[in-house]
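So the protein lines, in turn, are chains A and B.
All the letters of the first sequence, read from the start, carry residue numbers 1 to 380 under this note's numbering.
All the letters of the second sequence, read from the start, carry residue numbers 1001 to 1380 under this note's numbering.
With a Cα cut of at most 35 Å, we get these calculated DSBU-like pairs of lysine-lysine: (1) 1325(B) <-> 326(A); (2) 1341(B) <-> 325(A); (3) 1174(B) <-> 1197(B); (4) 1326(B) <-> 1376(B); (5) 1326(B) <-> 317(A); (6) 341(A) <-> 1341(B); (7) 1317(B) <-> 1197(B); (8) 341(A) <-> 1326(B); (9) 1325(B) <-> 1376(B); (10) 1341(B) <-> 1326(B); (11) 325(A) <-> 341(A); (12) 325(A) <-> 1325(B); (13) 174(A) <-> 197(A); (14) 341(A) <-> 1317(B); (15) 326(A) <-> 1317(B); (16) 326(A) <-> 1341(B); (17) 317(A) <-> 1341(B); (18) 326(A) <-> 341(A); (19) 1317(B) <-> 325(A); (20) 326(A) <-> 376(A); (21) 341(A) <-> 376(A); (22) 1326(B) <-> 325(A); (23) 1376(B) <-> 1341(B); (24) 1325(B) <-> 1341(B); (25) 317(A) <-> 1325(B); (26) 376(A) <-> 325(A); (27) 341(A) <-> 1325(B); (28) 317(A) <-> 197(A).
Bear in mind the hints are in silico, worked out from the structure with no lab data behind them.
There are 2 protein chains.
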Amino acid sequence: MNAPQEPPVTLLPTGFIDLLQHEAEAEAQGIARIMDVFSQYGYEQVRPPLIEFEASLLAGGGQALSAQTFRILDPDSRRMLALRPDMTTQISRIAATRLAERPRPLRLSYAGSCVLVGTPGRDGARQITQVGLELIGPDSAEADAEVILVTSSALSALQVANVSIDLSCPNIAKALIATETFTAAQEATLIQALDRKDVAAVRDLGGTLAPVLTQLLRATGPARHALEILTQLDLPLSAADEVRRLQEVVNAVWTADPTIILTIDPAEFRGWQYHTGLCMTVFAADVREEIGRGGRYLSYEQEAACGMTLRPEALLKATPPVSLKKRVYLPHGTSAARSHKLREDGFATVAGLNEVSSPCAEARRLRCAYYILQDKLVEV
Amino acid sequence: MNAPQEPPVTLLPTGFIDLLQHEAEAEAQGIARIMDVFSQYGYEQVRPPLIEFEASLLAGGGQALSAQTFRILDPDSRRMLALRPDMTTQISRIAATRLAERPRPLRLSYAGSCVLVGTPGRDGARQITQVGLELIGPDSAEADAEVILVTSSALSALQVANVSIDLSCPNIAKALIATETFTAAQEATLIQALDRKDVAAVRDLGGTLAPVLTQLLRATGPARHALEILTQLDLPLSAADEVRRLQEVVNAVWTADPTIILTIDPAEFRGWQYHTGLCMTVFAADVREEIGRGGRYLSYEQEAACGMTLRPEALLKATPPVSLKKRVYLPHGTSAARSHKLREDGFATVAGLNEVSSPCAEARRLRCAYYILQDKLVEV
Chain A
1 MNAPQEPPVT
11 LLPTGFIDLL
21 QHEAEAEAQG
31 IARIMDVFSQ
41 YGYEQVRPPL
51 IEFEASLLAG
61 GGQALSAQTF
71 RILDPDSRRM
81 LALRPDMTTQ
91 ISRIAATRLA
101 ERPRPLRLSY
111 AGSCVLVGTP
121 GRDGARQITQ
131 VGLELIGPDS
141 AEADAEVILV
151 TSSALSALQV
161 ANVSIDLSCP
171 NIAKALIATE
181 TFTAAQEATL
191 IQALDRKDVA
201 AVRDLGGTLA
211 PVLTQLLRAT
221 GPARHALEIL
231 TQLDLPLSAA
241 DEVRRLQEVV
251 NAVWTADPTI
261 ILTIDPAEFR
271 GWQYHTGLCM
281 TVFAADVREE
291 IGRGGRYLSY
301 EQEAACGMTL
311 RPEALLKATP
321 PVSLKKRVYL
331 PHGTSAARSH
341 KLREDGFATV
351 AGLNEVSSPC
361 AEARRLRCAY
371 YILQDKLVEV
Chain B
1001 MNAPQEPPVT
1011 LLPTGFIDLL
1021 QHEAEAEAQG
1031 IARIMDVFSQ
1041 YGYEQVRPPL
1051 IEFEASLLAG
1061 GGQALSAQTF
1071 RILDPDSRRM
1081 LALRPDMTTQ
1091 ISRIAATRLA
1101 ERPRPLRLSY
1111 AGSCVLVGTP
1121 GRDGARQITQ
1131 VGLELIGPDS
1141 AEADAEVILV
1151 TSSALSALQV
1161 ANVSIDLSCP
1171 NIAKALIATE
1181 TFTAAQEATL
1191 IQALDRKDVA
1201 AVRDLGGTLA
1211 PVLTQLLRAT
1221 GPARHALEIL
1231 TQLDLPLSAA
1241 DEVRRLQEVV
1251 NAVWTADPTI
1261 ILTIDPAEFR
1271 GWQYHTGLCM
1281 TVFAADVREE
1291 IGRGGRYLSY
1301 EQEAACGMTL
1311 RPEALLKATP
1321 PVSLKKRVYL
1331 PHGTSAARSH
1341 KLREDGFATV
1351 AGLNEVSSPC
1361 AEARRLRCAY
1371 YILQDKLVEV
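Extracted from the complex, chain A is given alone in its bound form (with noise of 0.2 Å):
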């Protein structure tokens, strides 16, 4: 038998990639612009580490990325630490410890690198960046809103195209369903055939509930035509609540911005495994994947809490290249003076080493577009 040929050094392992330069300074330069724009809404940065305890990583509603997630044994505190594979549950431990005295409503924002385990076979991000919001202690309409028009406004900042942002409510279709006496196993199976968009499954499983369900089912699409159909079901009072609140939802966002495209798709369920209320979704017409996800929760200790994650991989698809410093060439000998001054006419400035027979093809062989040539700046 032979030994497994070891590959080679230089391979990265499947869902893990190195970003080079325009790549690098989109995902820094993106960041730093969507964290300014909530900065400029009152959102104050928090920085959690990348590796916890698993205990406290998994608290709550982390417990539903337990698969996800990577563990290392600790040799200082002999117990398991995780590799974070979301940032939201740390938000939260910050909101209920270090900063339980803070006045709420409490405004924080965070970017960060996790780690997800990925599924073996399918070549999938492992490593993902996030960039979120966490509005935590007010439960209403207008803190939803806000966790909605900031996100908007982060995305107009970094010229994302045709963003929309759909709403749904997984609420509704529960607050209708537990009115009736289904077993689990139906009540499942309903809720696969709604998520679906299974109209047929809707009717045949749905009982004395079909009529209005498939009603639901319509009232999909673009938010006001999705309410007008929404607030004329027949609904039991707690649906009908969550229907009322939608409603407020998108007025208070129009009200602040009528140009924000809302979607509803009142019966989504996917996904939204610790959300309380309104989920989010926020798409931009030229990716294909999600640009961030986001919604009611409650936090620790019961705390209301709403936020959003927005993927810089994602959404970086949609927004214009980066635009770099242009490179200027300097000759061997250029004095420090006139280098300092191109730095600060905001050209990046390539110093020559050593002598050259000739700068301008010297400047082109290191990709500069400039080189100076008497003291004066040459296009190449």
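Given the coordinates of chain A, work out where chain B should sit on it, guided by the hints.
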């Protein structure tokens, strides 16, 4: 026996911390500022992943950090992954693979988090941030000097006060020692004595080299003074070459910027495990630990390289406090146009999500310096 009590889920493992508002902002802004200066000198940003195959991360110079590296089994490849304890090895890999065809000098910059296993019982940081640059290709005094100049420029941009850069060159003493026939044990003891600046021990152990080695110990301190001594020593050819190179580096730095404070410690060996020439340690007067370190080394396939890694955690102790946007409380119902204008003017707007009886009291409660009253900006 009682079951061991689980600590509260809010506790963090030793060496991992949360950065809150001012600290998190200072780190983000400081890193962005340093990276911007690097880009002004033509350094192009790359962003390698947090995790690689163990074999890649610990190749070459990376081996030195093996004992400080966390490993994880990858369920996808069934191979060992490692969390990077340092980024230099990653930059070397990128230079030798995806950027192999790029013309040299290749100038790369990077910023990111690294994780160390740490020493059980000690409470040093286990997550550290690195911001650095690598100048790959040339092996010359001009290249060494550029690394010093760009570092100094970045620290000036951050207003780090009283920076000094300490230069050492273990090769001078090693070249001297190689001219005598010491046993390996004798050599190790002698190097330890030199490193400790233990003149008596160096005299005892140095044999015929004792006079020149004790002179070498005297050549410590401000660069001008140290070089006066070093250049007058009677040295073997290779050690004299190292001194000449050191003199050239100092001259090149001072030609470009005579205000840079350089010191020399020719007999320092600690921590320089894979360096092949000049070694640099950066200090600021008010910070006990070093704020950066770097030097000349051989990259993949023996390519010449010189680099510098700055430690924001340390250097931000020597920078002026970060200035945050002034917060303005907006009573519920403030117009979108008004709040937009305030953000454009550089304020952070804190929206009132409901009516309050005293906007002034609410502004104070939410740590705002101002609030809006009848469309006017009023100080709290």
